[in-house]
Amino acid sequence: MQQNNFQVDGSAALEMEDVIFRFYENGKKNILDHASLTVREGTLTVLMGSSGCGKSTLAAVAAGLYPENGGFLLQGSIRLFGKDLKELNPRTRAEYLSVMFQNPDLQFCMATPEKELYFCMENMAVPPEEMKQRVTDTAARFGLESFLTRPLHTLSGGEKQMVSLACLYVVGSRMIILDEAFANIDGEAAKKIFTLLMKMKEQGSTILAIDHRLDLWLEAADEIVILTDGAKVLERGLNRENLEEAREVFRQEGLFFPGEAGKRYNNVKETEEGGQYGESTTCKEENLPAVSFDAVTIFSEVQKRFGREIPSGKKLVENTSFDIPAGTITALLGSSGSGKTTSFLALMKKHPYTGTIRMFGEDIRKKKPEELYRNAGFVFQNPANQFVTQKVEDEVTCGLRIWNPEWTDEDIQREAERLLTAFGLESKRRLSPYMLSQGQQRRLAVLSALSGGQKLLLLDEPTYGQDDRSTEGIMRELLKKKEADGLTVVMITHDRELAERFADRILVLEDRKIRERGM
Amino acid sequence: MKAEKLNPSVKMAVILVGAVALSFQYYITVNVTVFLGFMLMLVFFSNAKKKSILALLLPAFLAALGLFFMGLYYARGNSLSAESMESVSNLPYAVRAAASANLLTALQLATRLLAFAGMGIFFGLTTDGERLVFSLMHQCRLSPKFAYGTLAAVNLLPNMVKEYGQVRTAFEMRGIHVGPVSAKVIFTMLVNSIRWSESVAMAMESKGFCSEEPRTFHYVLHVKWYDILFAVIVLGAIIGGTLILTGIPGSI
Amino acid sequence: MNWKLKDILMIAICAVLFGVVYLGCTNVGGMISSVLTPLGMGSLAYEPFYGIYFMAAAFAVYVIRKPGAGLIAEILAAIIETLMGNFFGPIIILSGLVQGLGFEAIIALKKYKKYDRMTMIEGAILCSVFTMIYNLIVSGYNKIAIPVLIIMMIVRLISAVVFDVFVTMGLAKGLVKAGLLKGYRISGVVEEDAAE
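Protein chains in written order, with the numbering used here: chain C, 4 to 522; chain Z, 7 to 258; chain F, 27 to 222.
Treat the hints with care, since some could be wrong.
What the hints assert, rightly or not - Derived BS3-like pairs: lysine-lysine, alpha-carbon spacing no greater than 30 Å straight-line: (1) K394/C / K190/Z; (2) K169/F / K190/Z; (3) K169/F / K394/C; (4) K56/Z / K118/C; (5) K190/Z / K318/C; (6) K168/Z / K394/C; (7) K32/C / K137/F; (8) K190/Z / K458/C; (9) K203/F / K230/Z; (10) K92/F / K431/C; (11) K190/Z / K118/C; (12) K199/F / K89/C; (13) K135/C / K151/Z; (14) K190/Z / K203/F; (15) K32/C / K136/F; (16) K431/C / K151/Z.
No lab work stands behind these hints, which were simulated from the structure alone.
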C-alpha cells in the first residue's frame, strides 16, 4: 500500500507522494514525474524552479483542478490535511485549499468585486443573512471599499489580485497557493498584498508561494524548495540563513539568486560582447534619434464623432519631450495603467496625440502606417496575439515575403532557415506556434517582428509569463543585434531589475511625464 | 412601479409567447398597438434613457423599412417591378389594386417586425443580465453550471473587445491587411477563448464552485402579483385584440 | 448529460466571440441594407452573414461531439446575444432553438458517430431550411413571392456552408493542431485525418 510510505504527521497540510501526471494519455512526457512534496500546516513555503519544470501544474494537481480540467493522473496519492483528495469535490477541496493565479483578468466570474465575494460565499453555502456583514468586513480588511462596486475589468492588475485574495479569504481555505500571483503587477501592489497575506498566515493559514523571484518572500519564508524537471524536488529545507549554500543550484537551474541583479549585467557584457560594449554603432553616425517626442500629450480615450477623433478621458502623458538615441536599449518604467503601452501605440499611429512624434527624424504624421511598420516592429505582451499562420516556419517566411516582395522563394527559404537557427527555433519549425513555450513564442514574435529588417523594436512587457532564463535569452539576442545591426530596442516593463540589467537608459513615466532616470 | 422590477423570466416568457401569438395574425392594428404600448411603458414606467431607446430603434426601423419595400415590390402573387411603381396614378386599375394589396402586406410585415422590436427593446433596456440569469436559475431550473458559466463569459466581453482590437492592430503592424471579418483574427481569438475557458473554470472551481453541493443565494427572485398582471395585460391585449378584430370584417 | 464547467465556459466564451463578430457584420449588413432597401431587397443584405449566426453551434457540435451540444450551444449563444443587447431581445432564443434543432437532427440521425464534412454540410443545410421555415411563419415571409425567397435561401445556404462547414472545420482543425482542444473528442479523430 502506498499509504505506508507516508510520514504519519498530523501537521501536514499538503502531502503529495510519487505523483505522475501528464497532459497526453499516450504521450511520453510526464509533467509531474514521480513528484513528492509535503507542506506543513501554518508555514510559508516558496516553490521555485525554471519555467516548464511543472511547478504550476503541481499546484493545479494539488488543488484537484487537474485532471478535472485536463490531463491524466496516472499514479500517486495526494492528501489535503489528511484527507484523500480523490474523495473531495470542488467545494470540500476549497475548504482546505484554493489557488490564486497569475493572470488577474481570468480569475473572476462576476462583474464587480462585491458580486464576486457573494459568489464565493454562495459556493461555500454561507447563510444569506450573514453575507452582507462579511462583505463589509472583508472590504475593510483588504481595502476594497473604494472600488467594491466598480466593474472588475476597469480595475488595475494589483487591485484585481487584491480582490482575488479577499475572495480566498471569504472562501476560508486553510491553505492558499499563489501561482506566480505577483508576476504581472507592480512592486508596490505586490507588497500590499504580501502584508495582508502575512496577516492571514499569523492567523493560521498555510501558504505555498510559487514565484521566480525570491526577494519578497525571503525574510518570511519558513522553507524554500527548488524543483527541477518533472517537478521533482532538487533542494529543500532552504531558508534565509542557509540560502548561500544553494547558490550553485540557483545558477544551474537558471534561477534568480536574490541580490544578484547588478552582477548579471556585467556577465552578459563580458561573455557576449567581449568588452566591445559601448563603442559607437553604425546607426549613431547618422546622429538621428530613433524616437523623439516633442511636447506630446496623449489622452487615455478617444471618442469618434462624425468621423473625427476627439480626445477624452484623462491625460496619460502631458507636454512631454524626450529622445531615444538610435542603437540603444531603453527601458520605460512606470506603474500599471500609467500609459506606457498607449505611448507605444501613439508612436505607431494607433492612438491619437498632440505635439510631434518623430521616428528616425521624420514626423510620423507625414508617414503612412505601412512605412512606420517597415521601420519598427512591435512585440505585444501576449505574443500569441500576433501569430498569423499555423506553423513556426510559415510565420517567418510570411513576414519575409511581405517585407521583401522582390525576393525569390529560395532567398526567403534561406533567410528563414538562418533566422530560425539564430534564434534556436529550427527544431520547432513544423510545429504550430501555439505549441511553443511562452519563451519560445516571444522569441518567434521578435524574430517575425524584425523580419523586414526593422531598425526599431518595441517590446511590451517582455517578462510576461516566462522565467528569467527565457527573458535573458531574448535580451542577449537583442544585445547581439544591437551591436551587429545597430538595432534600437525600447521595452516597457514593470521589472526594475530587468531594466537595470539590460538597458542603456531608463525612462520613467510618472506624473504624466516621461523623464530619464539616473542609472 | 418600474419595468425593471418585473421578474425577468416572466418578462421573457411573456415576450416569447407574445411573439408566437403575433406570428399567427396579420392585423396592423395589433402590431402597432403592441409597438406603441411597449414604447410607452419604456418611456413612462422604466429608467431607460431616451438615447439608448433611439439607438436601438434606429436599426429596427431600418430593418422594418427593408421588409416594407420587399413586401411592396415582391408580395406573393402581386409582384410589381420597381419601374411600374413610378407613376401609380397613370396605371390601369388592376395594377393599382395590386399595389394597394401589396401595400397592405408590406405594412403587415413591417409593423410585425416593429412589434417584435418594441418587445425586444423593452426587454433589453429594462432587464439586468445578471438578474435574468439568476431568475432563469430560480424560476426555470437552469443549472448553476450553465448560469454562472454564461455570466462569466459575458463578463469577459470587455476583455474580448480589447483583445480583438489588439489582435487586429498586431496583424496590421505585421503588414497583414485585415478585413471586417478575418478568419485569421477569429482563429487567434479562439485560441485565447479556449485558454480563457480553462483558466476561468479553474479559478471558479478553486473558489469552491461545485455543481454537486447545494449553494445558498444572496438574493432569490420571486414571481409577484404584478408579474402576473403584466402577463395578463400583454397577452390579453395581443390575443384578445386579434380575436376581436377577427370578428369585425374588413379590419386591418 | 455530463457537461464540465470548462466545456460550458468554452462554448459560452466562443459564443460571445462569434456574437461580437456577428454584431460587427450586422453593422456592415445594415449599410448594405440601406442601399438595397429602395430596390425592395433590403432584407437580403443580412443573408450573407447568416452562417456566422450558426457558427457557435456548428463549432460546438464539431468539437464537443456529445448529444445535445448543438441545441445547448445555440440556446446559450442566444441567451448571450440577448444579454449583449440587440433589438430582437429574447425572441432570438426562438430562432436559436430552431437553428440548434437543425444541426442536432442531422447528427442524431447519424447516432452521434459521424462528423465528417458531408455531415456538417447536411447540418448546415437543414439549419438553413429550418430557419427559413421559421422566417416563413414568424417574419411573415410566407407573404413574399417565391422567387425572392429562393434567392434568399440560396444566399443563406452558401453562407451557412462556407462559415459553418469550411471556416468552422478549418478553425477547429487548426486549434487541434495547436494542441488546444486536447480534452475534447475532436482531438483523437482529427489527428487520424491528418495522418491519412
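Hint by hint, work out which the structure violates, then give me just those numbers in ascending order. 2, 3, 5, 7, 9, 10, 11, 12, 15, 16
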